[in-house]
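Sequences listed follow chains A, B, C and D, in order. For the first sequence, position 265 (counting from the first letter as 1) is numbered 265 according to our numbering, and the numbering increases by one without interruption. So our numbering is basically just the index in the second sequence, starting at one, shifted up by 1000. So our numbering is basically just the index in the third sequence, starting at one, shifted up by 2000. So our numbering is basically just the index in the fourth sequence, starting at one, shifted up by 3000.
Warning: the hint list may mix true and false statements.
To be verified - Computed cross-link-like contacts, EDC-like style, restricted to lysine to aspartate or glutamate with a CA-CA straight-line distance of at most 16 Å:
| id | chain 1 | residue 1 | chain 2 | residue 2 |
| --- | --- | --- | --- | --- |
| 1 | A | K112 | B | E1067 |
| 2 | D | K3116 | D | E3030 |
| 3 | C | K2106 | B | E1067 |
| 4 | B | K1112 | A | E140 |
Don't read these hints as lab results, they were simulated from the structure. Quick caveat: nothing in here was measured; it's all calculated off a predicted structure.
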Amino acid sequence: MAIVRALDPVALQADFPIFEREFRGRRLAYLDSAATSLKPRVVTEAVAGYLNNYSANVHRGIYQIGEEATAAYEAARTKIAKFIGAKDAREIVMVRNATEAINLVAYSWGRKNINKADTIVTTEMEHHSNIVPWQLLAQEKDADLEFVSFDEDGTLNQDSYDVLLRTKPKLVTFVAVSNGMGTINPVADMVRRAHEAGALVLVDGAQAVPHQPVNVQELDCDFFVFSGHKSLGPPGSGALWARREILEAMPPFMGGGEMIREVHLRHTTFNDVPYKFEAGTPDISAAIGLGAALDYLSDLGMDHVRAHERELVEYALKVLPERVKTIRIHGPKSGSNRAGVITFNLADAHPHDVATLLDREAIAVRAGHHCTMPLHQRLGEEASARASFYVYTSHDDIDRLAEALIKVERLFARN
Amino acid sequence: MAIVRALDPVALQADFPIFEREFRGRRLAYLDSAATSLKPRVVTEAVAGYLNNYSANVHRGIYQIGEEATAAYEAARTKIAKFIGAKDAREIVMVRNATEAINLVAYSWGRKNINKADTIVTTEMEHHSNIVPWQLLAQEKDADLEFVSFDEDGTLNQDSYDVLLRTKPKLVTFVAVSNGMGTINPVADMVRRAHEAGALVLVDGAQAVPHQPVNVQELDCDFFVFSGHKSLGPPGSGALWARREILEAMPPFMGGGEMIREVHLRHTTFNDVPYKFEAGTPDISAAIGLGAALDYLSDLGMDHVRAHERELVEYALKVLPERVKTIRIHGPKSGSNRAGVITFNLADAHPHDVATLLDREAIAVRAGHHCTMPLHQRLGEEASARASFYVYTSHDDIDRLAEALIKVERLFARN
Amino acid sequence: MDDLYRDEILEHYRNPHNFGTLDEPTLVKEGSNPLCGDRITLMLEINDDGTVKDVAFTGRGCAISQASASMLTDEIKGKSLTEIATTGRQDVLDNLGIEISPARMKCAMLSLETLKSAVSDRVAWQGKTDEE
Amino acid sequence: MDDLYRDEILEHYRNPHNFGTLDEPTLVKEGSNPLCGDRITLMLEINDDGTVKDVAFTGRGCAISQASASMLTDEIKGKSLTEIATTGRQDVLDNLGIEISPARMKCAMLSLETLKSAVSDRVAWQGKTDEE
Ligand SMILES: Cc1ncc(COP(=O)(O)O)c(C=O)c1O
Ligand SMILES: Cc1ncc(COP(=O)(O)O)c(C=O)c1O
């Protein structure tokens, strides 16, 4: 190929132990990275290193392994801060996943700041994790929840956004990158307009952090969330970022150890941020693993990761319709505003059957609604199949996908 | 020694890689297991096995590694259910830790069922994690929070408990085993009396599950919580158990993927229990690691674990006062109602200094309030030192502790 | 790949038996699979003697759920509700006659579970009228 | 073990300098360490020229926090608030002259941080009167 790629997926596969396994005699073509990513060896080693060699609790042990654990855990926080361009590691709250981060904001900031008849704006392309917490909050507070629609080409309808901004919402929230269609939203611009309308903005970065450079200060948003397990890290890791003054004004979410300053029977004072929001023993090993994952990604360079995936998605957008006659691909038609996600339907085969048959060829794709039922309602599909890419995805994987889909088509052809 | 012990801690140390490390030329005497336990090799291997070989998301992947991950995750749930004697694995909600489990109950069950002027009863020996969530709930609902006191011997004052039960509390909650003093509470009896008074009962089993046989059906409580990281498992694992009909009547806590049945823009229906309470991608690796930890403990036999720790604590209660002249040990005086926890002060050396100096001898103890400030207020101590035991703790560790404390005493003696 | 879905499955999928609606159903029941969005609506017309006079279903779904609904509805015609109550998961799997992975089990069982809950509604409802 | 805590530290711990209260303090400030429960109350009497006339502290704590409070209070006597503002963490560590592990850093710094926040309260308050 003529395009120079700084990132060689086949070489990188050597870093991921799962490719040493055989599946029906073949190397796994893992095309479900939007659900969760595979893990490089360094991440497993970081987790195992903690569990084997210094498995102490953090923040309180006056002994060597306690100090080692605390240092490693706080180093992970600093790496996260740096990776997403936060000003200060104290703005990073460690959470289990993006879902918990959003719920934390809904319970803590939301229950304090959202009142009757206030409006929250989200979009029809959100993951359930960025819909349900706001539905629960709106119900509790008798507030309004409004949805920005999206167009045929899978992009948010910016006129519908402007109309909703005129209702003066208190909070606006949307995905940076849609897990349903791969749409890359114009985040900085949408944040600016929301701020002009007087709203705070929460950006769901679950599909952005793993796949493209992110800088929360440049985006200028107020809250930002992501999950470690989609970013080469272990499950159980993730972060909420928010501006320090916002975090400081937020009441606590969960109560318990670590988040307190002083507990008395009749009153309690709380710790400084971010500890105020980290009740109980955190998932130390997952955080350390995420730190190692972000180091790995930084070494690759997020520009290169994005360039690689853009090139892959452009290749897929070109070859799949050429070769797979009955495929309908949803979402943006160009790699310029599309992440490495191909969501599709075949004319005669249901996505579940597609996934089952692809599994027989050692190709892993997702089938279902991908936790985006409203998006699928809008697409007019009960379910779809989704192939999603990452650093270890190669052209060969896409070629294998195309060939297997042709076989599925043939099997299901209504002759 | 004349006592026959079925459990040989020195032999077991071979299962824990940390003992291969040298600390200032010595094997670590890890006496902080009440904060978090060390991890046997099998746990790290289970975690690494998932991360390396089948690191898929759970519950939705129609492909081989997705099914492997789901099977392993659900097997962990079944192991947890069996380990604590639950009737049905569907009564087990996977959480990050005991703290999250308690907050889940406070937010979900509590906000629905606790009203103005209702009473919640807890105790003065609770961990902050079983105080602060109820303070926050009581404050929100304008409810009363009352505390059972404890006596000189570190046991709950049962008269004070009866007096408080007469206020007809809606919820009673207490530790099965105190992390502050090692007190083993008469759980089944206290549950029975609470039920007679019409209350539901939440038992904080964070220090019980790792150290003694537990059967929630025999205890007959309504909610039970524990953390995996204190039970040889990785951080990020833990469980809430509750009776099925109680769980089913509880509204959701966090919203997001996995916990829903159908999401529409204007309304959402929720999944069956326990999934209704597991929003977002769970900590799959930690759950699998906890499963391996519980297998390891089951192989040892929880009766043997308890017998071993009882023997150790009796040894410590005997030799420490004999050899360490200025030691004051808090809590029960006998091993019969005391877990493997020795909380103490020296007359002239502050607990922080004790811990620092012990660290120089490769002995890890905790110093501070151990997340039990009200307990310490009652003891009249700002802080204490704590040595806590587990399956890998040997007499030699206690002997080393005694010798080192003698040195500390000598250093700090006001001559 | 080709060996997994037998021709018979594909045949039922392409031309499901009993697909459609009934004019005078005695029982109507909807079922859905929360993880993937499959849905089915099942209609039954029951004779006075408690046997199934006619049955029909609608709904979109995958080959496995459609074929199992098609085969199941064939099978229950003429049977009594009591006989239907004894139909089990293994019967459905036997009908399909192919390997069903755990993730696809819900697809295979959707029609059976919808049928079972229709029948138990009916029994509960009959029980109620008897008492009243 | 014996080499860690120098005799001077232990001496300050056993007999802390400036331990007690002042009759007419200009500034009183409390500090605490949330992780371990150490507390200190610091009192300062300030001359009209902005120098420290007298200083005292009370509170329970470990050898490191007590010794550092004892040494710090010795050191600031006669100094101006501006001079105090330039006292840094390194000065405290130099006073102690022993290895302080990260977990003990809060013990070592408790008195300094309480002092700093007392001084900045004072400066903020003075700023305010100046404006009014
Ligand atoms: C009795 C008790 N309850 C609750 C907790 C909180 O556990 P975690 O930090 O794992 O949530 C602890 C841990 O210290 C404990 O000992
Ligand atoms: C856009 C988006 N938001 C939120 C989530 C939820 O992530 P998690 O399950 O890790 O909380 C996902 C994961 O599927 C996602 O793709």
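Against the structure, the hints come out as follows:
With a C-alpha separation of about 41 Å, the suggested pairing of K112/A with E1067/B is violated against the 16 Å cut-off. Pair hint K3116/D plus E3030/D holds up; C-alpha atoms about 11 Å apart against a cutoff of 16 Å. Straight-line distance between C-alpha atoms of K2106/C and E1067/B comes to about 13 Å, which keeps the hinted pair within the 16 Å bound. Taking the CA atoms of K1112/B and E140/A, the gap is about 12 Å. The hint holds against a cut of 16 Å.
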